Each structure stands twice: as structure tokens, then as C-alpha cells.
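Below, each chain spelled out in residue letters.
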Amino acid sequence: MIRVDGVLVSRGEGGVYGERMLGDLRVWDPYRSKLSALYHFGKGIDLEPGMRVLYLGAANGTTVSHVADYAEVVYAVEFAPRPVQDLLEVARRRCNIVPIMADAAQPEQYAALLEPVDLIYQDVAQPDQATIALRNCAFLKRGGTLILMLKTRSVDVRSEPIVVFCDAVSELGSAGLVVRDSTWLAPYHHDHAAIICAKERTTA
Amino acid sequence: MQSYWFGDAENGRCHPCSGNAADLADRLLSLHTSMDRFVLPDWTMARDCGFCRDRADYLAKLRDVCVVIAKRRIREKYRQKDTELLQMVRTLDELDTVINLLSGHVMEWYQIRQPSFSRKYCRTPARSLVRTVGQRSVGALGRVVGDVERLSETRTMLARDVSGRADEVMPNCSALIGGLVAARLLLHAGGLGPLARLPGSAIQVLGARTALFSHLRAGTPSPKHGIIFQHRRVHNAPRQVRGRVARVLAAQLAIAGRVDFYRGVIAPEFIERAQARIDAAGRVP
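Chains as they are written, first to last, in the numbering used here: chain A, 3 to 206; chain B, 1144 to 1428.
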């Protein structure tokens, strides 16, 4: 990851969403992007040039554009038509973004388009986030990583975030993923947790 | 046989697809993949079967197909009649807020200019009062009043449009509670599909979120009505039966919403029956 004086940046064409530039580097604001917040805590896995990434919940493509600056290809899945319009515009200028308009909860809708990926990044506002992640793990290479941004308030506004978090971790764990690390994203994002899982090389 | 976006694979042999991105998209949309026996393709497969030259070519083609599909899906979504109505209602309600806010500010401002002016014992309705203020004021204040008046005209026009569009999009709901209120229900549900899937009990308190959550959290009395309160049969009902009217109306609306979504045309015999039940609920025993 590229850092300039502690500021996380990515190298690419600027002006996607009015982000600040440092020379030809685009500042990746932790308050706007959960993935950036995660890197500010020194967690997560570094994005590398050869990486193939499946991005669930791509929204307007702001975080996607930064991921695309680092990775080889980003498969960006988003369901709502309004944000997809923006995502298409971002993808038009960045040729390593494959925009997929489909429901992340139904991976069979886009399975025919994908290839095995090194990283799955999920940021969807749905009640069954862990289940969605597990369904998509079919696309993950052995030894690959899943970064789940758990929006606890989307799961259940009435339960305590910590309870929701524990439920999600145990659901992921019992499905055969290894939970490597996790963190809350406060003060950048409230009631959001990042869960980093690995798909083991050996287990079936 | 496994079907991928670039071709079909069978017994180690592969037939690449030909044609442009639109043709590939057509074919892809007709494919059905089931997850349990699906083998992810490797891009080298596409190269070996002669579909693409190299990885860059593979990704470029894939991207083109995906863009075509996404554009098509967006167009499909926007062609649904309720999408524009949602924006229209949202703008309408926002206009109300803006007009009220600005009128308030204008009156305050005018009072400063005319220390003897007071709204007390003034029989002119608020809107004409704003107009009078405009006539007597010069400069920016007069212009703001002019803008408020133009906004009010826009609002009247938009309200008529919303009502007309709602009659078209959701004829049964509109017949029961009127186009404007029906459109607001639609807005809070998030579309005709979601509205059709809501139970009557949810429709009854749609728009009473604060009251509902304070009921669930702190045990305050449950809300009897949300948006449907704006309908005359609810707010004109005597206090002791108002909850019942709201409940019966919401139950009938739940049916009406489903008829609107799945059939899309007015069902006169249903409307007649529903009206009778709602009227009966409003009678004080």
C-alpha cells in the first residue's frame, strides 16, 4: 500500500468523486471508505498488482476505484440501478473494473462471468451479510481472503452491535472459514466491524 | 455441459461464442447456472478455445458484455412505471417543506421592516398574506416572495401530476385513499413491489417510524396510523373508532397494493367491497 506521510493514497486518474490529490496520487479518505479505515488501523491484507478482487456492494464505485488502482481486476457487483449508473461511468474510465449488475445474495446470477479470485470484499447493507459472504466464497481461491465489512445496524437495529458481530463470526467460523482478525471501524465508521477471514488451502 | 459467458465446454472440448457484446449478453441472460455443480472457468480456457487472444482481450470483452447487461437492466428497472412517481412524490413533499420554510422567513423579515405589522386578528390566509408582503416590499424580499409564489404554482401542478400518475400506476390504492396519499405510501414502501409485499399492519404505521420505535423500545402506546392518517376517513373518524378505521383501511390497502402490482388494473368489485368495509368500521356503535 502506498502511504505519503501517513496518508493512504492510490495511484490512478483522479477526479472520480472530487478526492484530494497529492501530485498524481489520489488520497483515500478513511472517513469515506471503510476499506481505507481498515488500512489506517494497519489491518487487512495489502492489495497487490496481480490481485483479482470480487467486490460485493460496489455502490457508486468510489472505493472500487481505489481498489482498481492497486489490483489487476475488480469484479464489482451492485444491485441498485441508481448507483450502477455511477459505477458504469467509473468503469468506463478504468478498464480493470468489470461492473456486474446483479444481486450479491444470488451468486448464480453472475457465476458464469467470474473466475476464481484472491480477495472478496463485501460491503452490503443486508440483514444476512454473513450468509451472503459464505455463498460467494465459492469464487474464492484456496488461500484467498474474505474481508467482510459488517454493518451491524443493517443486520438488526435493535440488537447490540457486539452481539451481531459475535453471531457473524461464529457463522463464518462454523462454515469452515478461519477468522484471522477483526476490528471495529470507529471513529471512522460507527457500528461497523471488519472481519478478515481466510479460506484454508488444505480443508475441503 | 458447462456453459460460460464465452462459450460451452463439453468433455474437454470447447465451442467459443461469436458475435458482438450484445449477442453475448443475449445468450448469457438465457443461461441458468446452478451453484452446487458449477465449476469456475479459468480465463486460459477462453484463450485455448480461441475466444480471445490474451488476458487483456479476455477482460476487455468481459467488461463490454457486463456493461451491456448492466445498461439493459437499468433501462428495464427505470421503465417500471413507479420509478418516476417515487421521485415526483419526493420532490412534492420537499417543495412543501421549502415553501413553508421560506414563507415563514419572509413574514419574519417583513415584520422587521414594518414594526407595526402583526398577523394577529388577521383574517387573510397565510398564502395571500405572503403575496401582500411581496407587493409592498422592494428588493430581495420582494423577489423571494415572487419565487415562493412560483414554487407554489409548481407545487400545485406537480400535485396534480402525482395524483394522475398514481391513478395510472396504482389504480386500486388510489381509489381507496386518493392518489396523493397512495403515492406517499409508495414512497415509504420504496416501490410497488415492496408495497405489495407489506402486510396490512405495516402499511397502517408506514410513516410513523419514530412512534413505532419508541413503542418497541420504551413501551409507549403503539401508533394507530402513519401516512394513512392523511386520508379523510381516518382523520375525520371519531376518536374511539379511529384506530379501527386505520386498521381496516390498511388491511384493504394491502390487498389493493397486491392487485395493483400483480394485475395492474382496477378491480371494481373489490373496491366496492373494500369501501363498504371501511365505511362500516367508521360507524360508532
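Hints were generated in silico from the structure; no laboratory data involved. Being a predicted model, the structure only gives us computed values, none of them experimental. No residue lacks a Cβ here, since even glycine has one placed at the ideal position from N, Cα and C. Fair warning: there could be bad hints in the mix.
[Unchecked claim] Here chain B is said to cover these stretches of chain A; the calculated rule only asks that three of the stretch's residues, wherever they fall, bring their Cβ under 8 Å from a Cβ of chain B: (1) 79–93; (2) 109–122; (3) 166–179.
[Unchecked claim] Label pairs and their in silico Cβ distance ranges: (4) B/1292 - A/5: 54 to 62 Å; (5) A/192 - B/1343: 48 to 56 Å; (6) A/129 - B/1418: 34 to 42 Å; (7) A/162 - B/1281: 54 to 62 Å; (8) A/158 - B/1336: 17 to 25 Å.
Evaluation of the provided hints:
no. : hint                       : verdict
1   : 79–93                      : holds (count 6)
2   : 109–122                    : holds (count 8)
3   : 166–179                    : violated (count 0)
4   : B/1292 - A/5: 54 to 62 Å   : holds (56 Å)
5   : A/192 - B/1343: 48 to 56 Å : violated (35 Å)
6   : A/129 - B/1418: 34 to 42 Å : holds (37 Å)
7   : A/162 - B/1281: 54 to 62 Å : holds (60 Å)
8   : A/158 - B/1336: 17 to 25 Å : holds (23 Å)
In the structure shown, a violation is registered for the earlier hints numbered 3, 5, in ascending order.
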